[in-house]
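Protein chains in written order, with this note's numbering: chain A, 1 to 289; chain B, 1001 to 1237.
No lab work stands behind these hints, which were simulated from the structure alone.
Just so you know, not all the hints are guaranteed correct.
What the hints assert, rightly or not - Partial pick of chain B residues on the chain A-facing surface, computed with a CB cut under 8 Å: (1) S1049; (2) L1069; (3) T1075; (4) G1078; (5) H1081; (6) R1087; (7) F1089; (8) P1090; (9) Y1091; (10) E1099; (11) F1103; (12) S1104; (13) L1115; (14) S1152; (15) D1153.
Unchecked claim - Here are the simulated DSS-like cross-link-like pairs (lysine-lysine), alpha carbons at most 25 Å apart as the crow flies: (16) B:K1106 <-> A:K164; (17) A:K188 <-> B:K1052; (18) B:K1227 <-> B:K1062; (19) B:K1108 <-> A:K164; (20) B:K1095 <-> B:K1176; (21) B:K1062 <-> B:K1052; (22) B:K1095 <-> A:K164; (23) B:K1095 <-> B:K1062; (24) B:K1176 <-> A:K188; (25) B:K1095 <-> A:K188; (26) A:K188 <-> B:K1108.
Glycine residues also receive a C-beta, built at the ideal position from the N, C-alpha and C atoms.
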Amino acid sequence: MDWPTFIQSISNAVILGSIYATVAVGLALAFGVMQMANFAHGEFFMAGAYVVYVFYALGGMPFPAAVISAFPVVAALGVVTERFVFRPTRGNVLAGFMATAGVAFILQVIVGQVWGVGLMRSVPTPYMGAASILGAQVSWQRLIILPSTLVMVGGLWFFLHRVKLGKALRACAQDVEAASLQGININKITALSMAISGGFAGVAGALMAPINAVTPYMGHSIIVTAFIVVIVGGMASIEGSILAAFILGFIHTFVTTLFDAVLATMAGVAFMAIILVVKPTGLLGRVRM
Amino acid sequence: MLLSVKEASVYFGKVSGIRDVSIDVEEGQIVALIGANGAGKSTTLRAISGLKQPSSGEIWFKGERIDDLSPEEITMRGIAHVPEGRRVFPYMTVKENLEMGAFSRKDKAGIARDLEGVFRHFPRLRERLTQAAGTMSGGEQQMLAMGRALMSDPTVVLMDEPSLGLSPILCQEIAKIIKEIHAEGRTVVLVEQNARLALSLAQKGYVLETGSVVLEDDAKALLENDKVRETYLGGSD
Ligand SMILES: Nc1ncnc2c1ncn2[C@@H]1O[C@H](COP(=O)(O)OP(=O)(O)OP(=O)(O)O)[C@@H](O)[C@H]1O
Ligand SMILES: [Mg+2]
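Please construct the entire structure, taking both the sequences and the accompanying hints into account.
Here it is, written out as structure tokens:
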């Protein structure tokens, strides 16, 4: 690997890690509060990409506005999923799994019906050109992912640690029953966690819309990685998920560059298997929110 | 009557936790609930605070029925529950735990005053404000759980085995603080396996056995009661 390729790979890894982090943090947050895994999280990512496709590519809205719109749109999807899927199945992991897998399927079908299946929905690149970083060329389109992630993750940290409502969300993740005894409305907090979770997946999908092929099935590739990241990170740990996201970003990028994408996926799974044996509680231990 | 449990029964599937339990608590009292493991003490408190809805019977507080309310609504009406096993938020700091206790309050001045009140009862908490609650000792966690409950400025405090696992000296300390909390004008429902401690603090006591109230009387009378002495006070000393 020569020097420019090396630098190129590092920047690709960091950007890929950012996307993984944004998606996985949402998944970890929802898991932390509900103790239930959302298998439709990949479809939330897909929905965000379609928001950009519809608002920006079809509707002519400015790209940044379309990306920002993905947050409330997919957040609403998260709230609806919480109300009609997670709340009725609360505490029943198997039922929750079946139901969210069903939501994933329904979203794929709806999007396929409305905008067509199997067509690559091309979203034109809003930001042409590339920045030159230490001899590597990084497209602006990818580079903007970095500050977007920083703003979102930073904003989430501020909310969870400095705002009373955010602290209540952490309280629910740590002990739901004790939280309800403090006058915290559990249903509201669960809905809030699913709104944030959906919003994060949506914005990640929105940012990737001009880079990835936008299809009803684009959630498949991200959901597996997101679950690996969350498991390696310790299930309900935001910090652990962020760390794991960047490690996975590096593994996937470098193995793909040196070998191929299939091997990269296998390397990611192997990494998870090793962590589960060496440190079953996740990278940072059971640090919960 | 400030708080009344009227013939409440709680079932876990087919297993009963309590059957037809009736308890009356007058404003300003300390009422003790004593009984062996599995007698239904915690279940009674959990029914009052709304964590577990009774399948029959009624619970009244300040003249209103509360047995169909959610725990957060019951907390906001003035009943705080210090749960069995402390249940502090382990990854939150002492300060954040206390803040959560005041979650539904908007009166900043009142919250600040009650925080000072908590520090007066538990000076240790002031020194540990930024420590993660989960890293504190059992006694400190008990103090935090009690402090957190007081942050809602409750009319009634339900305490589930506050002395559990604490050294005799700490038990005395906790007993002293329960007296202080009572002296502030709060009503206390105290669940204890340490019957001597509970009855010496309380004005009134209930003895539970396998889910039912088998005895109720003035706390002093219960301390003298032969059956209570034999079963719960470790023989006739
Ligand atoms: N969640 C539950 N599921 C099934 N049974 C339960 C549950 N909680 C309590 N019980 C049963 O209800 C009965 C009363 O339990 P409870 O916890 O109220 O007893 P307790 O008097 O508080 O005992 P201890 O002193 O050990 O805390 C017991 O038989 C217990 O097994
Ligand atoms: Mg108990």
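Consistency of the hints with the structure:
The closest approach between the C-beta of S1049 (chain B) and any C-beta of chain A is roughly 6 Å, which is under the 8 Å cut-off, so the hint is satisfied. Hint status for L1069 (chain B) relative to chain A: violated, with the closest Cβ pair at about 11 Å, above 8 Å. Given the 8 Å rule on beta carbons, the hint for T1075 (chain B) holds: about 4 Å separates it from the nearest Cβ of chain A. Taken as an interface hint, G1078 (chain B) does not check out: its beta carbon lies about 11 Å from the nearest beta carbon of chain A, beyond 8 Å.
Given hint, H1081 (chain B) at the interface with chain A, holds; its Cβ is 5 Å from that chain's nearest Cβ, closer than 8 Å. The criterion of a C-beta within 8 Å of any C-beta in chain A is met by R1087 (chain B), whose closest approach is roughly 4 Å, and the hint holds. Checking F1089 (chain B) against chain A by beta carbon gives a least distance of about 5 Å; that is within 8 Å, so the hint holds. Residue-level restraint check for P1090 (chain B) holds (minimum Cβ-Cβ distance to chain A is 6 Å; threshold 8 Å).
Proximity of Y1091 (chain B) to chain A holds as hinted, the smallest CB-CB distance being about 5 Å (cut-off 8 Å). The criterion of a C-beta within 8 Å of any C-beta in chain A is met by E1099 (chain B), whose closest approach is roughly 7 Å, and the hint holds. Because the beta carbon of F1103 (chain B) sits about 5 Å from the nearest beta carbon in chain A, less than 8 Å, this interface hint is met. With its C-beta approaching chain A no nearer than about 4 Å, S1104 (chain B) sits inside the 8 Å limit, and its interface hint holds.
Checking L1115 (chain B) against chain A by beta carbon gives a least distance of about 14 Å; that is not within 8 Å, so the hint is violated. Because the smallest distance between the Cβ of S1152 (chain B) and any Cβ of chain A comes to about 6 Å, under 8 Å, the interface hint for this residue holds. The beta carbon of D1153 (chain B) comes no nearer than 11 Å to any beta carbon in chain A, farther than 8 Å, and the hint placing it at the interface is violated. For the proposed pair K1106 (chain B) and K164 (chain A), the alpha carbon gap of about 11 Å is at most 25 Å, so the pair holds.
This hinted pair checks out: K188 (chain A) and K1052 (chain B) have alpha carbons roughly 19 Å apart, not beyond 25 Å. With a C-alpha separation of about 34 Å, the suggested pair K1227 (chain B) and K1062 (chain B) falls outside the 25 Å cut-off, and the hint is violated. Taking the CA atoms of K1108 (chain B) and K164 (chain A), the gap is near 13 Å; set against the 25 Å cutoff, the hint holds. For a cut-off of 25 Å, the pair hint linking K1095 (chain B) to K1176 (chain B) stands: about 23 Å separates their Cα positions.
Pair hint K1062 (chain B) plus K1052 (chain B) holds up; C-alpha atoms about 20 Å apart against a cutoff of 25 Å. A hinted pair counts as satisfied when its Cα atoms are at most 25 Å apart, and K1095 (chain B) with K164 (chain A) qualifies at roughly 12 Å. Proposed proximity of K1095 (chain B) and K1062 (chain B) is contradicted: the alpha carbons are some 31 Å apart, above 25 Å. Taken as a hint, the K1176 (chain B) and K188 (chain A) pair is broken in the structure, with Cα atoms around 38 Å apart against an allowance of 25 Å.
Distance check on the hinted pair: K1095 (chain B) and K188 (chain A) sit about 23 Å apart at the alpha-carbon level, within 25 Å; holds. Between the alpha carbons of K188 (chain A) and K1108 (chain B) the distance comes to roughly 23 Å, so the proposed pair stays at or under 25 Å and holds.
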